[in-house]
Each structure stands twice: as C-alpha cells, then as structure tokens.
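Novice: For what it's worth, UniProt numbering labels the leading residue of the sequence shown as 1, then goes sequentially.
What the hints contain is simulated information worked out from the structure, not anything from laboratory work.
Just so it is clear, CB atoms sit at the ideal spot from N, CA and C, and this is done for glycine as well.
One thing to keep in mind: the hints can contain errors.
To be verified - With beta-carbon atoms standing in for the labels, derived distance ranges:
#, residue 1, residue 2, range
1, Gln262, Met131, 15 to 25 angstroms
2, Thr150, Arg223, 52 to 62 angstroms
3, Asp162, Thr105, 28 to 38 angstroms
4, Pro312, Thr105, 31 to 41 angstroms
5, Asp35, Lys336, 46 to 56 angstroms
6, Asp48, Phe437, 20 to 30 angstroms
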Amino acid sequence: MRIFFTRPDSEIVAAPAPLGAMSLAAYIRKHRQGDEMRLYDARVHYADNSELTSIIKDYSPDLLCITAFSLEAETVHDLCKQVRDVLPTCKIFLGGPYPTSDPETALDDDNIDMIFIGEGEVSFLEVLNAMDNGGNYEDIKGISYRQNGTTVNNGYADMIDDLDDIPVPAWDLVDLDYVYSRKGKRAMMNKLQRHKEAVSVFTTRGCPYQCTYCHNVFGKKLRKRSVDHVIEELKILQNKYGVREIEFLDDIFNMDLERAHQIFDRMKEEGLHFEITFPNGLRSERMDEELLRKFKEGGVYWITVAIESGSPRVQKAIKKNVNLDKAQENIDLLSKVGINCNGFFMMGFIDETEEEIMQTIKFAAKSKLMIASFFILTPFPNTEIYHQALEAGKDMSARYSDYHDISVNLSSLSNKRLWQLNKLAYRKFYFSPKRVFLILKANPFRIGLLGGILYLFRMVLTGRELKKKKNQPLDQIPETAALAESHRPKGPKG
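Please model the entire structure based on the sequences and the hints provided.
Specialist: Below is the structure:
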C-alpha cells in the first residue's frame, strides 16, 4: 500500500518534526511488510494547499494520512477537498488533536473517509490489515467512519502501556537537510534555538493533571519510554543524523524525578552531547537544585514553566493548582544555576476579572523569567472548560485559527479591554533593561543582534513573533518590513 503522511501549513510559527506520523510509520514497519511510505511536512516547507495537493497527486497514494490541530480545521477541510478533486479513489484519514477533540465536525466532511480518535498506532495497524481483507472496521477501537451513509463511532482506542513497543520514530522519512538549511519554519518550539541541527523528542505520553483547558489525546495516565529506549533514539540522532540540539516535548518531563536523573546520567555515560531545551513546560514545583544543576551540566539552557495564572482563585478553578510561591522560588533557582526560563501565561478564563489578570501580569513582571508568552484562552471543543462555558450559556460557535486572537471571550471583560490587558502584559514584562540584555545575550546565533531587537519590539507592541517568508533565513528578515508589520497589531473590536 502507498501511504502519504502530511500535515498542513498554518499560522503556527514553529515546525517540530511530525513525531506522531513518524511513530505511526515506525509502528507499521515493525508489524507489516511491503508498504511504501512518504512523509511531507507542509508546515516546515511553507507549502500551501495547492502546492501540497500537487505533491500528493504526483505520489498517487492509496491512502493519505493527515494530522492536524483544531486551529487548522479549515485548512484541513480545504486540503481534503482539493485532494478529492484530483484523486477521487484515494482514502483520506485524519488524526491528531482536531478529530480527537471534535470528531463530529471533522467527519461531517464527506471528503474524509475515517478519523482516528486519540492514540493512533494500534488502530492504524488494524485498519490497514482490515483494508487488506475486505474493509471490516466494526471491532476496531479509536476510529470513526461512515458506512452506508451512517456515521459509526467506535470510541477511544486503548492506550499503549509499554511505549517501548513503538520503535524509534522514522527519522529517515524526514527531510533533515532541508530542516538544517533553515529555509523553512524553525524546527523547534524554542524561540532561541542555538544550532541548525536541532530536532524534537518525546520520552513520555500523557499527563496525570486535570487542567480544564487541556487536550486529552494521550490520556491522563503518564506512560514512559524506558531509559534504554530513549538513549537508543538519542544515539541515532547524534551518530547518524548529526543532531546537536534537542528539545524534549513531554508534557511533564520531570513528573518522575528519578527517571529524569537517570536519563541525564546515561547521556553522560554514553557520551551524548546536546544543547537541550524543555519548551512545553516542566512542572515548576517538581524541581530541586540537584536536578537543575544536572540539567545545566547536561546541556540544558532553556526551560519553560507553565504558570498560566497569578491568581490563586483561577489556579483552583482551572485545576492547575500551581503553588505560586514555590514556582517563584524555582524560577529564582533556575536563574541561579544559569538556565534561561520562559513562562506561559493565559488570560480570559471563565468570569476572570481585571484584578485577577493584573495578578498574572504582576507575577510575571516581578519574576526572573527571561521570556514570557501571554495567551488569550482558546477553549477547544470537548475540553472541560469548553463544557463549562456551554453550561454557562456562552456562545461557542467560533472557529479557532489563532492562539493569539480572541475566539471566545469567557472573562468578565469586554473583548477590547481583554486585548488591552494582553498588550499591557507584554509591555510590563519586556520594558525591563535587564530582560532586554538577557535576551540579546542569549541568542547571538539564531537571529542576531538586529533580530533580537526586532523580536523585542514586536513582542512589546503585538505579542507576536516575527514571521518570515519561504526560503528566507531568519537573519535576513528586512528591518523595514518587520517594523512595519510590528505597527499593525491585529485585535478585535468591541
């Protein structure tokens, strides 16, 4: 069977390797023979749907597999229509956070033959085997499809308890030469990437916390690859692909402190040398000086902590329950050991007041964080906060295409005031000489001095990153264009 894996381009500014598709490919290779596979990442290549459709048509697959976030829904449906027009017999499957969180909307598109709900490896293998034997999907969990004009939903798939059963992701399917060339979108979530030979790695799936705004693709049980399995992948990345920098994309890498120590101990023993970042957020309370010094010795230079709110009431309401005093202590500790720290914050929670948003802004501004991102809450379908909003009578019909814009305002404030406070947060945070110095000092290679200045200028004015064009190195973004764009903040009215 000829299988084509892809994800669309979108407003998302970073393009870490599509590890989900790479894991699917590796799992299929382990259990089947004879399938031909190609992976083309439209996001990293800045390929619009027309260009991507042409590439898919040239490959002429039997099966097209697309992965997408909720904010990419409209782009995905447009892509499926274009592909269906030129390849009417090609099966089109959709997986990822979008169909998992909103399966009804996803499968309402007649151009999509099947969606995958939750973790996909086992379901995908069973579907391929069923396709080889007449196409009976009745007993396959984790899928939804149409049969004789009726939608059949088989519910969530069982999670894979032993993640070592999934081979190392199929890195050979990724065009790493293009990634390393820097012509495409940056390959890491980390804004201050130091090396062009940089990739992303997952060592766990799932998160045991119950945050009301978060997805549930990998479940609420933490599942871990063995230390040996992680080290195997890191050896391949360093020795075969020349990787010099990695980012661990786990939801909470430090949930198991002993394992975190073991991974870094083994990296040292095996002679694995990387610059390392944690862009998705370590749990701020689960840090100690011993672990952080081991991180520093092992190459870690950048850590994100997801605080979300400086309001104790909001912390409780969203079930984040961060100990704010302890979090502040550990941010200070990160500064002490010499690891740069980024903070994630959100505003616009249900019935959140201006006073509570100001608590968040003040927490960030007085901290020793080097970078902070202030997002306006986007309540994605089938999250707990989405259902809470429905129960409160909120209009949840908006489409979601940008994490920085107001899709639905659940707070007690007007759209205009919420947007003003979002901009105020960036000004309060970045109008600090010490912070400016740290940012410029930390990032001489990726975007240069001018790039650092433009980055700060844009973040203060708009809260958005500089965008670059296809095949344009980041250090060649025209100053005048960047400044002009910075003066055009995009915000809602009313």
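Novice: If a hint holds in the structure, say so; if it does not, say that too.
Specialist: Now the hints, each set against the structure:
Hint check: Gln262 to Met131, Cβ distance near 41 angstroms, so the stated range 15 to 25 angstroms is violated. Between Thr150 and Arg223, the C-beta spacing of about 34 angstroms breaks the proposed range 52 to 62 angstroms. Restraint check, Asp162 to Thr105: a C-beta distance of roughly 33 angstroms satisfies the suggested window 28 to 38 angstroms. Between Pro312 and Thr105 the C-beta distance comes to about 36 angstroms, which sits within the given range of 31 to 41 angstroms.
In this structure the hint that Asp35 and Lys336 lie 46 to 56 angstroms apart at CB holds, the actual value being about 52 angstroms. With their beta carbons about 39 angstroms apart, Asp48 and Phe437 fall outside the hinted range of 20 to 30 angstroms.
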